[in-house]
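Protein sequences, first through last, are from chains A and B. Letter by letter, the first sequence follows residues 86 to 272 in our numbering. Letter by letter, the second sequence follows residues 15 to 995 in our numbering.
One thing to keep in mind: the hints can contain errors.
No more than 27 Å apart at the CA atoms, straight line, and that leaves these computed lysine-lysine pairs for DSSO-like [stated by the list, open to error]: (1) B/LYS615 x B/LYS654; (2) B/LYS876 x B/LYS690; (3) B/LYS512 x B/LYS390; (4) B/LYS291 x B/LYS451; (5) B/LYS379 x B/LYS390; (6) B/LYS532 x B/LYS512; (7) B/LYS138 x B/LYS532; (8) B/LYS690 x A/LYS125; (9) B/LYS138 x B/LYS512; (10) B/LYS291 x A/LYS211; (11) A/LYS211 x B/LYS175; (12) A/LYS125 x B/LYS882.
Read the hints as simulated data drawn from the structure, not as lab findings.
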Amino acid sequence: MTDLIPLTALGATDLRSERLGALTIAEDDSYGLASLTLRKGQNAPTPFGLILPAAGFAAQSGRTSAIWTGPDQWLVLGNGQGQTDFAAQVLAQTPNTSVTEQTDGFVCFEIRSDAGGPPIAALMSKLVNLPPETYATGRATRTGLDHMTVFLYRREEGHLSVLGLRSYAGSLWHALATAAERLAQAA
Amino acid sequence: MTRLNGGLIDRTTPLSFSFNGKSYQGFKGDTLASALLANGVQLVGRSFKYHRPRGIFTSGSEEPNALVTLHNGARSEPNTRATVTELFDGLQATSQNHIGPLERDLLAINDRLAPLFAAGFYYKTFMWPRAFWEKLYEPLIRKAAGLGALSTLPDPATYDKGFLHCDLLVIGGGAAGLVAALTAGRAGASVILADEDFRFGGRLLAESDLLDDSWPSEWVDRTCAELASLPNVRLMPRTTVFGTYDHGIFGAVERVSDHLPPSDEAVRQTLWRITAKRSVLATGAIERHIPFQDNDRPGIMLAGAIRAYVNRWASAPTRNADDPVAIFTNGDDGHRTALDLLGKGVPVLGVIDTRPDAPVFGRYKVFAGATVTGTKGRLGLQAIQIRQNGQATWLEAGALGVAGGWNPNVHLASHHRGRPVWDEGRLAFLPPSDGPKGMFPAGAAAGNGATGVAFADGMRAAQQALTELGMTARNIPLPHVTDTPNAQAPYWHVPTTKRAWVDFQNDVTVKDIALAHKENMRPVEHLKRWTTLGMATDQGKTANISALAVMAELTGATIPETGTTIFRPPYTGVTLSVLGGGDTGRHFRPYRLTPTHAWAKAQGATFTEVGPWMRAQYFPRDGESHWRQTVDREVQSVRKDAGLCDVTTLGKIDVQGPDAAEFLNRIYANTMATLKVGMVRYGLMLREDGHLFDDGTCARLAEDHFVVTTTTANAGAVYRHLEFAHQCLWPDLDVQMISTTDAWAQIAVAGPKSRQLLQRIVDSFDLSNEAFPFMACAALSVCGGLRARLFRISFSGELAYEIAVPARYGHALIERLMTLGADLGVTPYGTEALAVLRIEKGHAAGAELNGQTTAQMLGLGKMVSAKKDSIGAVMSRREGLAQDGRHLVGLLPLEPQSQIPAGSHLFTRGVAQTMQTDQGWVTSSCYSPHVGSYIALGYLENGHDRLGEVITAANPLEGQSFVAKVVSAHLVDPEGGRLRD
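Looking at chain A on its own, in the form it has when it is part of the complex (with noise of 0.2 Å):
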């Protein structure tokens, strides 16, 4: 085990959790991360059980779950992974796929609402120009946000899960605690 400190995304040793209105923003950076893509002829794997899930939809099967990404490619994310080489592990899961440590190419912010799925809509009405439906239990997706790529991922109807580029942290940071300060201040 090395003795290097890791730094969040936000540049800290702390992650950062604040709570603004119905909302919680957390970063976290518990999670491993892989993309996986088949190459040709090869059928979908089941990594740890987990049935891959089809256009704009994620699945989750115990501590694992995976983002449809592309055609034949999703991005694989290990619950309490973030420490380890994720990807050699989903790879053995998966011979013969391509797959790539992305543990570090994206930060993870975990919003959550004390009153279920409403102010997760009205925060992604601020943010994200994906029609309603879209926004329902299960559904991911890779959209824009405030001129940067991100996923979406709405884990339950009152918990959703933003991705975008680690590099890019403050930035998203700035853009969904802005947007759920100017909802808590509105209601």
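Starting from the known structure of chain A, arrange chain B on it as the hints suggest.
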């Protein structure tokens, strides 16, 4: 005071406001215009060109005259229409476009000079002397013209943005819009109902006809309450849908807090992008006036506006309560205003009806077959001249309502260039049949403005729209209303030899249109450009149709033959701030930070923007007073000991698959397939046209696994290029790729002591030259088991490596390297030193790969392999490119302390400097502490054969000229021994 009884104002909430510094009282529910009228204020501004006294003309967003400046200082908001400004306590408004008090504007002299300012005057006068235009005439005209003035201070308000989606967007919340929204809402469709007003109801609020035996406002309130209770309906008052864009997208601005005292915290306005599957255009209609002589005095208004002020706001349009009001009309609609005035106890002088057989609907005088032919009253209407049966009579009047018919508000239906269609029966242009897809005009906007008809039309439009979406909307009970007569006879203007205004905002008169006709500016577009008719903030909403009717009369063409100008967004003015989306200053655009940013900041680094990235530019130390001192030190440290530089920003693309090698062979100009596992190769990518696209390294981690690096600037472009090549050119190749730039923190460790330093962090890995030679790469672990990648590559020309670890450890790694390398003299260096090192070494960067250069120019022509095909290879051999004789060379100024600016052009010494004798240009330039002189790189004609020649580098922009010796581009270690050591 001319406040009447009734109205939809809250008399329990009085509000104070000021106009031109004077305090007045109004009520909640008032607009600034209705409150001013209730206080007997008619004069509110001065006209654009002639500085004529002007008053409130309308009761809506079409207002041409009553433009005021709200607030002051940085918050001052010019050209705000008083007619749509919701009153709040403490509101401050001032009038515009006058010198001295509003009542005694010194620029009113312009009115006396009117003949000088006829249509197109600025195309005809002030032409000479030519030089006077820019310095004298234009500033003078600009000072005299124009309405409000900008504060020129940064806007302190907060703006927001958002996105909405719905099945049905209903634009306008009047009779048709409310019914459309309710019909669709009850059917379960997701509905957005937007209205620019702060209260829904549209003209229903302005009329007195009972709906099912109750006041219209009561029906509106009940309907809105039901709509508000439906979870699938979103009500958006104070929201102007200003533009129809492609694919069912609409732009809308919600005025979130403009109706409240200004605040630093509250969002002022929100820009919404609404995506609607279908839309109902229920934008109502705008009344038109009838131009007659001197028709622009304060107190002369649209008759429908007077009705709105009387019914909705309980404000009489006169200065004094007992001043009589006259109505001038060509149809029954004007009579409605007279009846409502009488109902409110306002004295009515009579209705001047152009129709000889004018009807009579009540106890008021009717002047049948009559016209208004003149007015008096300098600052407000005092008398009108009525001409009937050849007799002209002057009668005292405090206000005059003009009713010339209604123009459907087709604006949004024509944003896709569909031309409105003339309806002779209705004397109006209706929305085009080839308007935006999925848009259903309804109610007055579709020419169906009679209240009962509008209700039914709104329901029909919603039902049709929903049917297209596969939904069924049942009929809803519609209120019963006795429709009032609305016959009219065409009558467009009262002929006169004096001025009769058509466009109040731009001071365009019937005479101006006649002049435009005489000067052959007859198509409506020319008419607009020549006279300025229909320009500025109101875009001629009350003027355009009347103007083209006048033009039609002059040309003898019909109105539809004359046509309309094109409607374009925005429907009404939109602040640029809200279009900007609200982010200003540091967050104007998102930016990227490197994994070592916090560390570099703690070291006191200066940062520079590199695309969206913030990179450490240099790391000043105590005692260094100039950046050059710092950069020279950093460069020398790298050449002598070791330096660290965060190079995470370079693009990294993971390329895998059985055909990865073949794929990269086609992407790169040079051969990649032969690269051995565990080795790195420098690669050139060409564009299809054979020019250089990007350069970088390609590392082979396994038979079927490569990591491609790109320049920082082209990281996205190269990835896109690769995806395009795979998806469109060679989908048969079994290759997978994904960007992995952010996943790894990559740090360059450069300098003679770099191996020694790295040996201290790797976990039992042999770094010797034999085991890990120049251009080797490996996956390994460092610092006690952390996975890492090591590449032995060099940009500086020294023994050098790049080490990559998961990004979260980048900070700790650079700290560790600094600690462990302290005794070796390790130094962090920034992008400036990075640039100096590579210029000294003659390595290309963005300045050399500027899109106009080739591999051959770079001296790397042989890298474009002839043994295989690759993107751009064939085109790089075309005549024009293959014969380009310019080569990259180094330049040493003979005067070592003078810097040749990048961009300077190169010439043979002593030759005249012309385009024809131009021999190339300087790409990069810096001070080289290694050489002890300024140095430069540049492309020079036949450069490889001119080493030693002294040439001229010229910078004619600044009158500079330098004498420089042509040398090899590689000023450091040209044999490359250091790299391989």
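For each hint, the structure was consulted:
1. B/LYS615 x B/LYS654: 25 Å, holds
2. B/LYS876 x B/LYS690: At roughly 21 Å apart (the allowed maximum being 27 Å), B/LYS690 and B/LYS876 satisfy the hint.
3. B/LYS512 x B/LYS390: Given pair B/LYS512, B/LYS390 holds - Cα atoms ~14 Å apart, limit 27 Å.
4. B/LYS291 x B/LYS451: 9 Å, holds
5. B/LYS379 x B/LYS390: Roughly 21 Å separates the two Cα atoms, so the pair holds.
6. B/LYS532 x B/LYS512: This hinted pair holds, its Cα atoms lying about 17 Å apart.
7. B/LYS138 x B/LYS532: 15 Å, holds
8. B/LYS690 x A/LYS125: 24 Å, holds
9. B/LYS138 x B/LYS512: 22 Å, holds
10. B/LYS291 x A/LYS211: Holds, because 20 Å separates the two Cα atoms, which is no more than 27 Å.
11. A/LYS211 x B/LYS175: With a Cα-Cα distance of about 6 Å, the restraint between A/LYS211 and B/LYS175 holds, given a limit of 27 Å.
12. A/LYS125 x B/LYS882: At roughly 24 Å apart (the allowed maximum being 27 Å), B/LYS882 and A/LYS125 satisfy the hint.
Taken one by one, the earlier hints all hold for this structure without exception.
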